[in-house]
Each structure stands twice: as structure tokens, then as C-alpha cells.
Amino acid sequence: MDALLQPVQQLLGPTLFTLVWTLVKIVVLLAPLMICVAYLTYAERKIIGYMQVRLGPNRVGPKGWLQPIADAVKLMFKEIIIPSGANKGLFILGPVLALGPALAAWAVIPFAPGIVLANVDASVLYVMAIASMGVYGIILAGWSSNSKYAMLGAMRSAAQIISYEVAMGFALVGVLMVSHSLNLVEIVNGQAKGWAASQGLGFLSWNWLPLFPMFMVYLISTVAETNRAPFDVAEGESEIVAGFHVEYGGMAFAVFFLAEYANMILVAALTSLFFLGGWLSPVGFLPDGMLWLVAKAAFILFFFLWFRATFPRYRYDQIMRLGWKVLLPVTLVWLLVLGAWMLSPFSIWK
Amino acid sequence: MLENYFPVLMFVLVGVGFGFVPMIAGWLLGPSKPDPEKLSPYECGFEAFEDARMKFDVRYYLIAIIFILFDLEIAFLFPWAAVLGEFAGNESLRFFGFFEMLVFLGILILGYIWVWKKGALDWE
Numbered sequence: 001m002d003a004l005l006q007p008v009q010q011l012l013g014p015t016l017f018t019l020v021w022t023l024v025k026i027v028v029l030l031a032p033l034m035i036c037v038a039y040l041t042y043a044e045r046k047i048i049g050y051m052q053v054r055l056g057p058n059r060v061g062p063k064g065w066l067q068p069i070a071d072a073v074k075l076m077f078k079e080i081i082i083p084s085g086a087n088k089g090l091f092i093l094g095p096v097l098a099l100g101p102a103l104a105a106w107a108v109i110p111f112a113p114g115i116v117l118a119n120v121d122a123s124v125l126y127v128m129a130i131a132s133m134g135v136y137g138i139i140l141a142g143w144s145s146n147s148k149y150a151m152l153g154a155m156r157s158a159a160q161i162i163s164y165e166v167a168m169g170f171a172l173v174g175v176l177m178v179s180h181s182l183n184l185v186e187i188v189n190g191q192a193k194g195w196a197a198s199q200g201l202g203f204l205s206w207n208w209l210p211l212f213p214m215f216m217v218y219l220i221s222t223v224a225e226t227n228r229a230p231f232d233v234a235e236g237e238s239e240i241v242a243g244f245h246v247e248y249g250g251m252a253f254a255v256f257f258l259a260e261y262a263n264m265i266l267v268a269a270l271t272s273l274f275f276l277g278g279w280l281s282p283v284g285f286l287p288d289g290m291l292w293l294v295a296k297a298a299f300i301l302f303f304f305l306w307f308r309a310t311f312p313r314y315r316y317d318q319i320m321r322l323g324w325k326v327l328l329p330v331t332l333v334w335l336l337v338l339g340a341w342m343l344s345p346f347s348i349w350k
Numbered sequence: 001m002l003e004n005y006f007p008v009l010m011f012v013l014v015g016v017g018f019g020f021v022p023m024i025a026g027w028l029l030g031p032s033k034p035d036p037e038k039l040s041p042y043e044c045g046f047e048a049f050e051d052a053r054m055k056f057d058v059r060y061y062l063i064a065i066i067f068i069l070f071d072l073e074i075a076f077l078f079p080w081a082a083v084l085g086e087f088a089g090n091e092s093l094r095f096f097g098f099f100e101m102l103v104f105l106g107i108l109i110l111g112y113i114w115v116w117k118k119g120a121l122d123w124e
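Sequence order for the protein chains is C and V.
Using my numbering, the first residue of the first sequence is number 1, and each one after it goes up by one.
Using my numbering, the first residue of the second sequence is number 1, and each one after it goes up by one.
Derived from the structure by calculation, the hints contain no laboratory data.
Heads up, none of these hints are tricks.
Capping the alpha-carbon separation at 30 Å, the derived lysine-lysine pairs in DSS-like fashion look like this:
| # | chain 1 | residue 1 | chain 2 | residue 2 |
| --- | --- | --- | --- | --- |
| 1 | C | Lys325 | V | Lys117 |
| 2 | V | Lys55 | C | Lys88 |
| 3 | V | Lys55 | C | Lys325 |
| 4 | C | Lys148 | V | Lys38 |
| 5 | C | Lys78 | V | Lys33 |
| 6 | C | Lys88 | V | Lys38 |
| 7 | V | Lys33 | C | Lys74 |
| 8 | C | Lys148 | V | Lys33 |
| 9 | V | Lys55 | C | Lys148 |
| 10 | V | Lys38 | C | Lys74 |
| 11 | C | Lys325 | V | Lys118 |
Computed far set for chain V versus chain C, every beta-carbon distance over 10 Å:
| # | residue |
| --- | --- |
| 12 | Ser92 |
| 13 | Leu110 |
| 14 | Trp114 |
| 15 | Lys118 |
Quick caveat, the model's predicted, so the values are computed rather than measured.
Heads up, the beta-carbon is just placed ideally off N, CA and C, and yes, glycines get one too.
Construct the entire structure; sequences and hints are all you get.
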């Protein structure tokens, strides 16, 4: 690889080369991600279809495999409507601000040892910071549309997202305590240690077991953070028609759609890294590798779809109660238990 | 050290650019036949009345303020959590690191209980 790149480097000079080479890496990362997003929408319709004893999309291409592409093409040729009362600049900025952070967070996600775009020490902090930016897109979209439904949906959604971010943050503090690092690579490597891992039963040494309450809180919070069912009151089609993106159509709507699914894939990957050992193999006799991370993220994503097919929508006051009065105390208590556990002679994270 | 963050910066720019591309494509490829009815805000077929930027519930505001407190708390907890392991290995600092944070968290929890009792977290 280096021998191949040497002539290119001489041709472009070091600065331009770094720029181009980083851009190439970003494209190599984004292209499969976009395909995943497209086929996640297909998987969602297909899986929920089967769960409800329907077939799901099966007309476009063999078994409906071309459905996401047909959807994208259709949306591309639709008119983008900007309502007369809207703030045009902010109205266009809304979807962009929703999608931008969902993609930008991938800069620090490690896929396997050494396969990471930017191995920075504060990667958890970066992910937390950039993931919180997504709420601006929703607020901007809801406010700039100048429509009542959009405004109500945006208020609900923003309050819900920030509420669950608190519980999510506290759950992450637990992960950081046992991994002694803010670096995602270190967090995964920390899960490869311990008695169970040395016995060839790696999956027992991952964070999900000793931090089980944190894992549950994190999993529930991610569903609420991405505005997915059963926490999808922001869109609540039976009450506020589509919430914050009611005025969006065509590609502008598609960007919101992309952002939601890109966010789902992001939080699924993060959950796998924090709690399910990332690229680590669950058992000793199988090698570690990127495929494990993909499999774990797909497993979490399946839960997202399963939740949507199974659970009825929460009421808004129930959502807020769950976030502030149930999940938050659970994490606080487990933080104290964890701290005491780490200081006691029974600590398993020496 | 700082050059590690260069790809991150580029990724943010590409990510934001990536949001604009489909919108421009849609704007170029899609039709554009505006009329006043189509451009009016959607209100289930009725003429829009009043201003859409209406008064909203004060509890949204409360939640935002409480969120800022808790999020700051988490920002303070992050570095502590990352070094707690080192404290645990050090005999003289062992309990200091833990109980310092217990005091800090204790103050927050007191406030949390007060907010709960005051009903700021209720949505009835």
C-alpha cells in the first residue's frame, strides 16, 4: 500500500496528499454507510412486514431489493416546497444540520484495531458533543417551518432528546470508569481482559454483564434519542401528522429520513463498542474482526425494528417520567455501586 | 496530537456538504410550480389561523434548564471517570478520589430530589 502511494505523494506534495488521502478515506467510509442506510429502510419494511404477516415490498427488482433505489429516485424528482411563511435559510439548513452530525460522528468510530479514521483520545467526548448537535436540526426545522404541527413536534422532540441524553451520559460515565479512558479503541481493548476472556469466553468479560443496568439504560435511551417507536411522539402521525418535518417534501424530507437511519446505525455501532466488545470475538476459538462489529450492530438494529413492530407508542408524560424518574436514578445508583466495587478488593478491573 | 483532529474536521465539512448535495439535486431535478395554496402551512385543509410561533408550555423551558445542569455534571464526571482506575491503584488517593466525587454528586442529587418534590419533572 505504501509503495503504491509513494509516487502519488511525490506528485501532489505532502499537504495536498494528506487532504486528498483523507477525502478518499472519508468516501470509502461514507459510501457503504449510505448503502447500509438505504437497505436498513428496506430491512425495516421487510421485517415489520413479516412480523405483521405481510410480505413487505416485493415488486421492484428480485424480492424488492431495488425498492430503496426506486424510493430515492422518486424523491429526487419531487418538488421541494418552501412554505410561504417559512424562514427560507433556516428551513434549508434544518435537514443539513440533522444529517451532518449523524455522519460526522463516524470520524472516530473504530472498526477493527488500526482501522479508524481519526484515533483521537477524546473520542467519546467528541461523539457525545457531535451527537447532541442533531437536535439543532430538529429545532430549526420545526421553528422555521412556521407551522403549528412542526412547532409542537420540534418542542416535543427536543425536550425528549435532551432528557434522554442525561441518562445516556450517566450510563457512559460507568463505561469510562471501568475502561480508564475516553478513547473508543481503549474502551474496546479493555473489554478483552479479565478471567472470562482468558478462559475463552470473551463475551462474559464485555461491559454488558458487569454494567448490565447501564447497558439497559443506554439501549432504551438510544431508542428515545433517535425518535424511534415506542418513543416517536415527535412524529405522532395520529396527533401532529408528522411533527417537525410536516412541511418538508422531496429531497429535503429524504435528508431527514437519511439522518434518522444514519443515527440509528451510529448508535447501534456505539452500543456495540461500549457494551458488546466491538470487534472482539465472543469465543476464544474464533478470530476478532470487523465482521463482529457489523454483526453486533445489526443485532441492535434488529431490536430497533422489533420494538417498532411490537410496542404501542408511549404517552408524552410517560416518556418524560421514564427518562427523569426511572432511568436517571438507576444510573446514579449504579455509578455509586460501581465506584465502591472498583475500590473494593473484589474489583475485576485492575 | 492536533493533526489527529484534521480528519475529524474534514469529516464534519464533508458531512454537512453531504446534506446539501441531495437537496440541490432535488431542486435541480424536481418541478417547481408554486401556488399560494400549496405554499400555505399545512393545517389539515383549513386556512392557517393565528401565528404558528405560539406560546408553549413552560415545562419545556424547565426541562431545558435542568438538562443544562445535568449535562454539565456529566462533563465534569467524564475526566473523573477516566482517572478513577488510577486512583483505585494508588493507596493514598484511593478513597479520596471516590469520596470527593460523592460530595459533588451528593449536592446534585439533593437538587434533583428538590426538583422532583417541587413537581418540575411531572407532566400531568
